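All chains, please: the whole structure from these sequences, using the hints.
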Amino acid sequence: MRRIWAVATNTIRQALRMKVAAIFIVLLLVLLPVMGFTATGDGTLKGRLQTFVSYGLSLTSMLLSLLTIIVSIYAITSDLEHRQIYTVVTKPIRRYQIVLGKILGVVMLDVALLVLFAGIVYSVTSLIPQFMKASDQERQAARNEFYTARASLVPPVLDVQKDVEALYTRLLRNDQLDLIYPNMTRDEIFKQLTNRLRLEKRAATVGQMLVWEFHNVRPLDPNQSLFVRFKYDVSVTPPDEQVYGDWHIGDQRQFLPGARVQHYTRTVRQTRKDAVRKFHELEAPASVVAKDGYLAVGFFNPPLNETVVLFPLEDGLEVLYKADTFTGNFLRAVLLILCRLVFLACLGALAASFLSFPVAILFCLVIFFTGSTSGFIVDSFGYMSETTNRIYTYTIQGIIQLLPQFDKYSPTTYLVSARLMTWGFLGKVALIMVIVQASLLLAFALIIFSFRELAKVVV
Amino acid sequence: MGPRSRRRASGNPCRSRNPRDNREPMDYAIETIGLTKIFSDWWGRARVYAVDDLNLQIRPNEVFGLLGPNGSGKTTTIKMLLGLLHPTKGHALILGGDGTHPKISARIGFLPEESYLYRFLNARETLDFYGRLFGLDARTRQVRIEALLDIVGLKAVASRPVGTYSKGMARRIGLAQALINDPDLLILDEPTTGLDPIGTRQIKDLIQKLAERGKTVLLCSHLLADVEDVCHRIAILYGGKIQSQGHVRELLQQTHKTQIVSDALSDTAVNRIRRILSEEHVDCEITAPMEKLETFFIKTVVEAQQQARPTSGAVSTTQIGDFLAAGTRKENILDKLVASSVAEKAPVAPARTETVQPRETVTPEPNRDVLRKLTLTGAAAETERVAPESGPRTPPVETPAEVPQEEIRKSVLDKLTKDDTPNPPAQDGGSGHA
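As they're listed, the protein sequences go chains Y and A. Numbering-wise, the first sequence is residues 12 to 470 according to this note's numbering. Numbering-wise, the second sequence is residues 884 to 1317 according to this note's numbering.
Quick caveat, the hints were computed from the structure, so don't treat them as lab data. You can take every hint at face value.
On the chain Y side, residues computed to face chain A include the following (Cβ under 10 Å):
(1) R14
(2) V18
(3) L27
(4) R94
(5) Q95
(6) Y97
(7) V99
(8) R105
(9) E464
With a Cα cut of at most 16 Å, we get these calculated EDC-like pairs of lysine to aspartate or glutamate:
(10) Y:K242 with Y:D326
(11) Y:K284 with Y:E317
(12) Y:K467 with A:E997
(13) Y:K467 with A:D924
(14) Y:K289 with Y:D244
(15) A:K972 with Y:E464
(16) A:K972 with A:E914
(17) Y:K467 with A:E996
(18) A:K1175 with A:E1111
Here are the computed distance ranges between Cβ atoms for each label pair:
(19) Y:I410 with A:P952: 49 to 55 Å
(20) A:H1139 with Y:F365: 55 to 61 Å
(21) A:Q1137 with Y:I458: 55 to 61 Å
(22) A:W925 with Y:L373: 16 to 22 Å
(23) A:Q1137 with Y:I459: 54 to 60 Å
(24) Y:L376 with A:W925: 25 to 31 Å
(25) A:L1134 with Y:I458: 43 to 49 Å
(26) A:W925 with Y:K439: 43 to 49 Å
(27) A:E1186 with Y:L373: 55 to 61 Å
Keep in mind it's a predicted model, so treat the numbers as computed, not measured. Beta carbons: idealized from backbone N, C-alpha and C, even for Gly.
Shown next, in the form of structure tokens:
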């Protein structure tokens, strides 16, 4: 361990004194504070904060990622290139210890820089409201929708498999399939039917009430608000493109016949008129949640509407409540970035163990940018898999699974929308990115480095 | 430091007295068995035998010179010994084992053909880094670093990044890093390249001191003078094969000639000798012996330093004083550093005893030997070098002879070899050994 430590500290010295890191550090030190006062977003305080946190953390993450790639590769290849490895590897140190030391050095550097820059982003984020003129309303909005970490609850996706099958058989028997769904395969029809049935469960005809039940709702503070975020869709668009809604939020169990209630929980009722196909948030005190974490949200479609009101499947309705502080969320976002950096350090070590500096950099950058757009890539291959055969499933898909999914696990989306990033989620990312993927890369790097010839052939 | 300290702790006095007993099951410090390295191109064709069936045996406690022209396989051999290259065929054993094993490499000091250093570290940090790789504790590192900086004469520039060092300085720090673990075996690849004559001399002296302390040295060079001066045995490589091998003196001795060195003789004495020899029907040539250019050069520089100390010399390569004028405290440290368990046996240089020295009387005290080499006008050790013409430089050499001796008497080298006998009084430069 002492030897690994010696290599690690030497790597940090190298990164700092060879001015590789200096460029990135100076860049960030200049850019971050400047951005704090130039990022305006949509002009509101909240918009400004969202823009700054988003750009600030993305920039930090991006530049530190590049720095990690460069330093981890340089630390190994320059030793080989400039042959300092001759004097190092002939000392009583195992080769794997050298590589581990290098990676440890890079990760330590990353941690230090991440603490520094995340600290700057955090400080600027906390300072912006003090240096900005903003109305109380804006400040209120920023407090409720930015300086918080809201957990999100969405209604569970209903299992409609049996209903779909029944419906399919009925349609088939009545020879209606070809009429309604011409030229479609069975799979495609099933998909359509599933969507249709699911949507039916989220549609309220005039005079009908929809009730969603949530369990395990744990607001951080019952004195604060919770929000129902919703989006209407309608079968017939009203002339003013607005519909009425009669909302009931609270513990509906206490109204059921024969219910034995010990503590009455507060119930909120709101009637409002909102534009269709746009997001709205309905605020209610968090005390509407029952002691056991139960919450029901009901929507009544009043006769005034004259149209069916639907809540789209993906984002029609969710309940948001403050589950943690902004600080906690920010901390987890930073740790998420660290996971990414650890992965990249191991990737760099692997590339450097068998490639020369420029090629290794290229290799890592390709992986990095692929990882940053992995959603797109996975999706496009996903579509392909529906049409291609099994060979795909067992080859390309396997490789894609090994790709890092930086965009899927983006830290900023959580902060911008003030969504709670749970420790569970962070743990999952750490498990995938660090414990599985990075360890695998590291193992390959160690094996290659341990068995390769370190000297160049000179005859 | 594991094996080393354990061995010391075992502290068997008999063992430490006799180096031969110190070898555990192994017979050789370095042994290669049919070592072969073939380099092929990408397609596996055009094969070059860099090293071809090499069988090398280097005994503990000897200074072994591996000679050969460029590309003869010297460095490749070393790289295979140290595990930097994998042999195509054969085996290489260092200290009886695999050179890459930490237990073995903890006892090896290696100086590559160029000092490959971390340019961004300064001399102290460099040595500290390597010390930490050996797992030395902070105190030991501190002590050794200061001692080594003294030995290699880099104390004045120790806080400068080594990237700014001249080649000679880089070489010195490279040598220092090879010594930080007090190695049993030193592998030096071209240790004197880039060094000025004084630096070269110092390194050569250091190698001899280390050999006297029981170290084994594998010296790899194509500078023949270096090898001739310090090595006990040599092997000449060409095309990856050993072309010639043996003791230096045996290989170089001219058994059909005799050389007599004496104080300056009168013409009559010379004529009498000529007469005696002609009666024996032997041709002879009588001249004033030539000084080695190296000795002369060192003397001249020392003299110049005495008169006006150059202040520009951030580089200590020309400052023999920097290296030599170590105080008592440092010398003790140095002693500790260089001394191994065989330190006590230093008075009789063990490896020397097996060298054949038919026509040279070597004083048993190694310090005198070195003193003479540094200062004597008639380089007694180099008997083979018969000077054909009389040199015009003899007189200027005589006069300043006193000064360098003064200087050198204080030398670290001296103290290094201090075997409980006080420094010998300055010897008369001209005293002859017949």
